[in-house]
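Enquirer: Now for the letters of each chain:
Number of protein chains: 4
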Amino acid sequence: MAAALMLRVSVRLQFRQRRVFADSVAMVSSRGMASKTSVGFIGLGNMGTPMAKNLIKHGYPVITYDVFPEACKEIQEMGSQVTDSPADVAERADRIITMLPSNPNVIEVYTGNNGILKKVKKGSLLIDSSTIDPAVSKDLAKEAEKMGAVFMDAPVSGGVGAARAGNLTFMVGGVEQEFDAAKELLTCMGSNVVYCGEVGTGQAAKICNNMLLAVSMIGTAETMNLGIRLGLDPKLLAKILNMSSGRCWSSDTYNPVPGVMEGVPSANSYQGGFGTTLMAKDLGLAQISATNTKTPIPLGSLAHQVYRIMCAKGYALKDFSSVFQFLREEENL
Amino acid sequence: MAAALMLRVSVRLQFRQRRVFADSVAMVSSRGMASKTSVGFIGLGNMGTPMAKNLIKHGYPVITYDVFPEACKEIQEMGSQVTDSPADVAERADRIITMLPSNPNVIEVYTGNNGILKKVKKGSLLIDSSTIDPAVSKDLAKEAEKMGAVFMDAPVSGGVGAARAGNLTFMVGGVEQEFDAAKELLTCMGSNVVYCGEVGTGQAAKICNNMLLAVSMIGTAETMNLGIRLGLDPKLLAKILNMSSGRCWSSDTYNPVPGVMEGVPSANSYQGGFGTTLMAKDLGLAQISATNTKTPIPLGSLAHQVYRIMCAKGYALKDFSSVFQFLREEENL
Amino acid sequence: MAAALMLRVSVRLQFRQRRVFADSVAMVSSRGMASKTSVGFIGLGNMGTPMAKNLIKHGYPVITYDVFPEACKEIQEMGSQVTDSPADVAERADRIITMLPSNPNVIEVYTGNNGILKKVKKGSLLIDSSTIDPAVSKDLAKEAEKMGAVFMDAPVSGGVGAARAGNLTFMVGGVEQEFDAAKELLTCMGSNVVYCGEVGTGQAAKICNNMLLAVSMIGTAETMNLGIRLGLDPKLLAKILNMSSGRCWSSDTYNPVPGVMEGVPSANSYQGGFGTTLMAKDLGLAQISATNTKTPIPLGSLAHQVYRIMCAKGYALKDFSSVFQFLREEENL
Amino acid sequence: MAAALMLRVSVRLQFRQRRVFADSVAMVSSRGMASKTSVGFIGLGNMGTPMAKNLIKHGYPVITYDVFPEACKEIQEMGSQVTDSPADVAERADRIITMLPSNPNVIEVYTGNNGILKKVKKGSLLIDSSTIDPAVSKDLAKEAEKMGAVFMDAPVSGGVGAARAGNLTFMVGGVEQEFDAAKELLTCMGSNVVYCGEVGTGQAAKICNNMLLAVSMIGTAETMNLGIRLGLDPKLLAKILNMSSGRCWSSDTYNPVPGVMEGVPSANSYQGGFGTTLMAKDLGLAQISATNTKTPIPLGSLAHQVYRIMCAKGYALKDFSSVFQFLREEENL
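Heads up: the protein sequence lines correspond to chains A, B, C and D, in order.
Under the numbering used here, the letters of the first sequence match residues 1 to 333, in that order.
Under the numbering used here, the letters of the second sequence match residues 334 to 666, in that order.
Under the numbering used here, the letters of the third sequence match residues 667 to 999, in that order.
Under the numbering used here, the letters of the fourth sequence match residues 1000 to 1332, in that order.
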């Protein structure tokens, strides 16, 4: 919110900027044909590291930065050049990918004292794959535009496994004529790159999917629990739901009840998978987006609260399908 | 609840009864092989009438009763014999199907002064296709057992169209060795007959499916509405959800947003389909079952409240996917 | 529901009954002037025992029954006559008070094989102080009416302490001309006897109060927790709320935050007070009443679910204000 | 969020600033004894205008600004000096009060190109009476500190009437030694000035109170509606609740049921009072604060959604107690 306003204020009527930007678009577009020049990558966590590795495997020299230098070791050993700040990365690469935990980190990496935007080259392509508030993505795009650069949001679905295997899904928002240039890089890390519309819509698409996922997962857990209490066999109930109108991804692909399916977190004490704390974070983004757009989301909002309570009660690190366990009568009672 | 207790009290240690019942089971089983004898049908509403017609088409003489005599006309003209009470039907047929609006009607038809159980023959097979509280189904099964008869619950999914076409889905609960005998009749009216377990589990399966359906429908409506507010194209958003973990029947088969799919109620001003008032009724049954079994259903319960409010605000007769319209900003504001 | 129907069916057009009832009303009314004759008391639990003692202290001979004979010992030593069944009590007393855990117990005590109604005298006054579904109270009143007896519902507010001190509050529903006769007995056990209207309204009043209590208690716990997280001192926040529009009994008389008030369960590890499991039971009654009357109760319904989850997570026996503890971040995380 | 980060980054280790600030504190404190010097007032809406008038009545020369010049007319006629920007006000007054609609307006007025902080004098006292996100208040306090000025948040409770009568309640957050200086001005406009703690806690206190108010109002509306459906007289039910544990401000002072109380919006077609749209705004702030502090607020969150839906369904301008009307069966159904 706060940044939004400041940026809006300062972005008005920048005719010169716009001309420069027009040029930069040309530059960027032409760049598509260029040989493989360096790509910047900022944020080398569990997701960022395997993503950067896949870029290297595809022949891209990678210039990196992470607030924790040791995080860069693995990549450095693969020949990647490590710098001292996001600004340094921006000096040496005109295509940069960022993969960071949340709003404040992204804002600092782009707009901080040593941020990308302090030294970004005109015509640079900046792709943020973090999952953040779409309003922040829009603000950063305006800031980048002022520098003659292009900012796109491209959050991912799929976890660490998909990051390693290079089959993430990217949901991309930004200027359409830049999509091909972004896709060229993203296809090195993902099998599925979807253009969603103007900047921020990549975030919107991800937030929307995860909100519906959370609602249907909790609904599935409640339904399976109720059915069991009413005397139904869990496998039979799952089968009935999956051939009926109750069918959803949470019931037919990721069933939360132990013993119903194999190879899912519920078959492995809810280890691995997508952590409750991460789901709570995405639902928080949905909540904030809904509040800012005055959109009623009664069930999405309650799903947020359920996952928030679970985080407070010791389920933070379990897969989000552990809501089935949370709703069950405790054995020792 | 109330009946449950009374029945439980009076059903204790009825050794003679049980022997009689053992005999009756044999009788019933043997009956499977019998030529097409009369079948009783009670409750000739929008669903019951086409169901009874399909029995006649399959060569079964049908003996009918409805609290509104005129409701029997259509069937009478097809040669069906109309009686004056459920008891009369029970005198003339040892296989009876009931299709009634709700708990009290079912209780009266079976246990009332002129109810089926007043004159039911030993070994009769009583199939209730109404959607009611599973606890009531269990009570009635105990009452029937005392008379040496067998009661099964077999609620349907699919609407009037499916009833006419004879491709309803039946979810059947009751003594397993009776299932074949029930299936023989139900297959005349439905394409899919699923055995769910002991008596009451047919109701449980239907209630569970519809609860998850309601939760995912409201979740889909909220998600589509939020996405639209955040700048996403509804068709594109639906496409993204349907290839991701947000996928559910409500998003990929019955999308609530006008313009996204054809041939669904949202494409026809939410006319036809499954009425909000019927969904509210089924959620009420889920709510009562959850309360009686002390099962937490936070989202199912909120879904019930949302549909209850919609009924109070003029959506009672619209398809339940009209929740999308309910959550939207009113145009004239 | 179930009983309701059966009773309704069988109660129709009983002219003789009604005449008898008219007589009985006269009898009952006259009885008000009589000397202290025996009073029956069924259900000698934590609440019933001190209530019965207070009747004895006021000079009423008490005739008792409890399904657990040992429960009667204490009262027996005070000279109370112990019987073998509710029916026996009904044979020996024409004024009976019942204090039982829930619907099924009440139904059995009144309508079971050895129930009160099997041997109730014409003109008897039957007062049920249990907290149950108002629909069941209405059914039992109809059954009693058929026997020429009068049934009133008179649930209490106030716990074991108030029962001992004889200052319970009774909320009474039933025929108005019987209220004085009921009040004569209830004032021995309570300081506050309120006439609420026709039979069932006593239960309705209690259920309504406890639903609003649950909603405002959870709301208070959420609010205090949020304020603390935002840097407010709990005592100061409570003071501000209590002089503002957020004021409620849960904030100014029974604050759920340890350290804010003395002499409340939150000051004593949430021991004593009104157990979460009892609140969940009353909310279940509110839920069922709302479902049966098609009344939307979004927050009351969610409050029910919150307390239901707490029961499943180990809070069943703690005071219901422990919802503050339930919502807090666990210390060991 | 966004601004928070930027400010945090730039505020680090400003030793000189801190010394200057120390001086300024002395200046400010001494100022308390000074004769009545000019006070700046920015934001002359329905609330701001009567507030500024009360300052003038107490002998303070007032220097004003509003984005809509015509808004200043009334005050100008009372001799107030009107300026062209917040910065101009800051040049001419070292005590400034701001009363603005929401976050973005406040941010622009303080940090915009012509904002207060562009020309604020060292030692100035800046009091924001708008209701906004406490996180934004904290950010602005840091920005002000950098300029050697002091920022306090002092949101009000009480509507236009209280603003005119000069008996608003102010909840004040900020440096404690500044409280007396702030109180000197605020007591001209309010009868009740409460110190809540560090900057942001004034907002926190208001948000918390209004969240609990919303929860108990909806709870009261649900409870009254359910009681009426169960046969209770509304006035009697209100009386019972108000002498029991369900008692709250919404039941005993502002009852939402027409006919129960006089002189409240429910007695006047829900006109006047506190608009649903304003309550929805405050609940949005509570929601965002809870999300940012990871605090679970299940009922507060659902209350937000209920008011959000009401805004979408035509209740935006009615008093927030109209939730009773929203939950009722529509007459014309």
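Please note: incorrect hints may appear among the correct ones.
To be verified - Cut-off 30 Å, straight-line C-alpha distance, at most; resulting in silico cross-link-like pairs (DSSO-like, lysine-lysine):
1. C:Lys979 to D:Lys1238
2. D:Lys1145 to A:Lys119
3. C:Lys739 to B:Lys451
4. C:Lys905 to B:Lys614
5. B:Lys475 to C:Lys979
6. C:Lys784 to B:Lys452
7. C:Lys808 to D:Lys1238
8. A:Lys118 to D:Lys1280
9. B:Lys614 to C:Lys808
10. C:Lys905 to B:Lys479
11. D:Lys1234 to B:Lys646
12. D:Lys1238 to C:Lys849
13. C:Lys947 to D:Lys1234
14. B:Lys627 to A:Lys235
15. A:Lys235 to B:Lys406
16. B:Lys479 to A:Lys239
17. D:Lys1145 to A:Lys142
18. A:Lys142 to D:Lys1238
19. D:Lys1234 to A:Lys281
20. D:Lys1293 to C:Lys901
21. B:Lys406 to B:Lys572
22. A:Lys239 to B:Lys406
23. C:Lys785 to B:Lys451
24. D:Lys1118 to B:Lys614
25. A:Lys239 to B:Lys452
26. C:Lys960 to D:Lys1234
27. B:Lys475 to A:Lys239
28. A:Lys281 to C:Lys979
29. C:Lys849 to B:Lys475
30. A:Lys142 to D:Lys1118
31. C:Lys901 to D:Lys1182
32. D:Lys1234 to A:Lys142
To be verified - Chain C residues, not near chain A, derived (Cβ > 12 Å throughout):
33. Ser704
34. Asn712
35. Glu774
36. Asp846
37. Thr919
38. Gln971
39. Val972
40. Ile975
Keep in mind the hints are simulated off the structure, nothing from the lab.
Backbone N, C-alpha and C define an ideal beta-carbon position, used for all residues, glycine too.
Enquirer: All hints, please: hold or fail.
Expert: Going down the list of hints, with the structure as the test:
no.	hint	in the structure
1	C:Lys979 to D:Lys1238	violated (36 Å)
2	D:Lys1145 to A:Lys119	holds (26 Å)
3	C:Lys739 to B:Lys451	violated (45 Å)
4	C:Lys905 to B:Lys614	violated (44 Å)
5	B:Lys475 to C:Lys979	violated (35 Å)
6	C:Lys784 to B:Lys452	holds (26 Å)
7	C:Lys808 to D:Lys1238	holds (29 Å)
8	A:Lys118 to D:Lys1280	violated (36 Å)
9	B:Lys614 to C:Lys808	holds (27 Å)
10	C:Lys905 to B:Lys479	violated (64 Å)
11	D:Lys1234 to B:Lys646	holds (25 Å)
12	D:Lys1238 to C:Lys849	holds (19 Å)
13	C:Lys947 to D:Lys1234	holds (26 Å)
14	B:Lys627 to A:Lys235	holds (22 Å)
15	A:Lys235 to B:Lys406	violated (44 Å)
16	B:Lys479 to A:Lys239	violated (34 Å)
17	D:Lys1145 to A:Lys142	holds (27 Å)
18	A:Lys142 to D:Lys1238	violated (58 Å)
19	D:Lys1234 to A:Lys281	violated (45 Å)
20	D:Lys1293 to C:Lys901	holds (22 Å)
21	B:Lys406 to B:Lys572	violated (48 Å)
22	A:Lys239 to B:Lys406	violated (40 Å)
23	C:Lys785 to B:Lys451	holds (26 Å)
24	D:Lys1118 to B:Lys614	violated (64 Å)
25	A:Lys239 to B:Lys452	violated (39 Å)
26	C:Lys960 to D:Lys1234	holds (22 Å)
27	B:Lys475 to A:Lys239	holds (29 Å)
28	A:Lys281 to C:Lys979	holds (24 Å)
29	C:Lys849 to B:Lys475	violated (41 Å)
30	A:Lys142 to D:Lys1118	holds (27 Å)
31	C:Lys901 to D:Lys1182	holds (22 Å)
32	D:Lys1234 to A:Lys142	violated (58 Å)
33	Ser704	holds (42 Å)
34	Asn712	holds (21 Å)
35	Glu774	holds (24 Å)
36	Asp846	holds (46 Å)
37	Thr919	holds (26 Å)
38	Gln971	violated (9 Å)
39	Val972	violated (9 Å)
40	Ile975	violated (7 Å)
Taken one by one, the earlier hints fail for this structure at numbers 1, 3, 4, 5, 8, 10, 15, 16, 18, 19, 21, 22, 24, 25, 29, 32, 38, 39 and 40, listed in ascending order.
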